[in-house]
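Chains A and B, in that order, give the protein sequences. Here the first sequence stands for residues 0 to 120, where the numbers follow numbering that gives the first Met the number 0. Here the second sequence stands for residues 0 to 120, where the numbers follow numbering that gives the first Met the number 0.
Because the hints were derived from the structure by calculation, they are not lab data. Bear in mind the structure is a predicted one, so any value in this text is a computation, not a measurement. Take the hints with a grain of salt, since some may be wrong.
[What the hints assert, rightly or not] Some chain A residues flagged as far from chain B (calculated, every beta-carbon gap over 10 Å):
{"id": "1", "residue": "15"}
{"id": "2", "residue": "17"}
{"id": "3", "residue": "91"}
[Stated by the list, open to error] Derived contacts from chain A toward chain B, CB cut-off under 10 Å, selection only:
{"id": "4", "residue": "4"}
{"id": "5", "residue": "5"}
{"id": "6", "residue": "8"}
{"id": "7", "residue": "21"}
{"id": "8", "residue": "24"}
{"id": "9", "residue": "26"}
{"id": "10", "residue": "44"}
{"id": "11", "residue": "46"}
{"id": "12", "residue": "50"}
{"id": "13", "residue": "55"}
{"id": "14", "residue": "70"}
{"id": "15", "residue": "75"}
{"id": "16", "residue": "77"}
{"id": "17", "residue": "79"}
{"id": "18", "residue": "95"}
{"id": "19", "residue": "98"}
All C-beta atoms, glycine included, are put in the ideal place defined by N, C-alpha and C.
2 protein chains.
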Amino acid sequence: MKYSAINFEEKLSKFAEHFSPKVIAQMNDYYFKVGKFQGHFIWHEHTDTDETFIVLDGEMRIDFRDGKVELKTGEMIVVPKGVEHRPFAEKECRILLVEPVGTVNTGDAGGDLTVKEDVWI
Amino acid sequence: MKYSAINFEEKLSKFAEHFSPKVIAQMNDYYFKVGKFQGHFIWHEHTDTDETFIVLDGEMRIDFRDGKVELKTGEMIVVPKGVEHRPFAEKECRILLVEPVGTVNTGDAGGDLTVKEDVWI
Chain A
0 MKYSAINFEE
10 KLSKFAEHFS
20 PKVIAQMNDY
30 YFKVGKFQGH
40 FIWHEHTDTD
50 ETFIVLDGEM
60 RIDFRDGKVE
70 LKTGEMIVVP
80 KGVEHRPFAE
90 KECRILLVEP
100 VGTVNTGDAG
110 GDLTVKEDVW
120 I
Chain B
0 MKYSAINFEE
10 KLSKFAEHFS
20 PKVIAQMNDY
30 YFKVGKFQGH
40 FIWHEHTDTD
50 ETFIVLDGEM
60 RIDFRDGKVE
70 LKTGEMIVVP
80 KGVEHRPFAE
90 KECRILLVEP
100 VGTVNTGDAG
110 GDLTVKEDVW
120 I
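One chain only, chain A, in its complex shape (with noise of 0.2 Å):
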């Protein structure tokens, strides 16, 4: 069969660092990722995209400069694009994100958190 399920959870058993999405979906031009986030990723902001994170499992927070979103398991958020946000988690938190292809980590920001390829697993 050329079909088949994408499980989330298995495709999450096969890395283990924090803030590194692995693509594991392809929808027209755009990916989903699954990541482990653990810690403070930067400020940063996407000029030409909005961003969708969706909590598998755990907790998060994205910080905006006027405010912030908490985000537990079964829920999601849609960061509009231009939008600088800062996404924390204080335990690993596992996440599904969905965004163009070609979309940069960091966006604007850089640095060394910048994942330079896409990786599908």
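Given chain A, work out where chain B should sit, using these hints.
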């Protein structure tokens, strides 16, 4: 605060009907919709877009002309554009759909199950 978390369970509690997904978020020109599936949907295809099914709670199946895929909580599939498919769920299954704004649930097939208008909840 203008940003807030979207809780799938809370959104799903707002309606009861089957095969009538409701819009809960927009990312660029894509909608996220929650839906409750039970029974057989109809055979259809979307000629101009892929379509993503994420199972939030329950079990479902997608029949293809050349096979089938079983999906359970924590699993997803992207049905490629132009591929005929037929969702089925024996018991009520709660799902998250991701698809372009304007995608019709019955695709090319039409009929009584067609959702005439996108409803935000």
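Here is how each hint holds up against the structure:
no., hint, verdict
1, 15, "holds, 19 Å"
2, 17, "holds, 21 Å"
3, 91, "holds, 17 Å"
4, 4, "holds, 4 Å"
5, 5, "holds, 5 Å"
6, 8, "holds, 6 Å"
7, 21, "violated, 14 Å"
8, 24, "holds, 5 Å"
9, 26, "holds, 4 Å"
10, 44, "violated, 14 Å"
11, 46, "violated, 13 Å"
12, 50, "holds, 7 Å"
13, 55, "holds, 7 Å"
14, 70, "holds, 5 Å"
15, 75, "holds, 5 Å"
16, 77, "holds, 5 Å"
17, 79, "holds, 8 Å"
18, 95, "holds, 8 Å"
19, 98, "holds, 8 Å"
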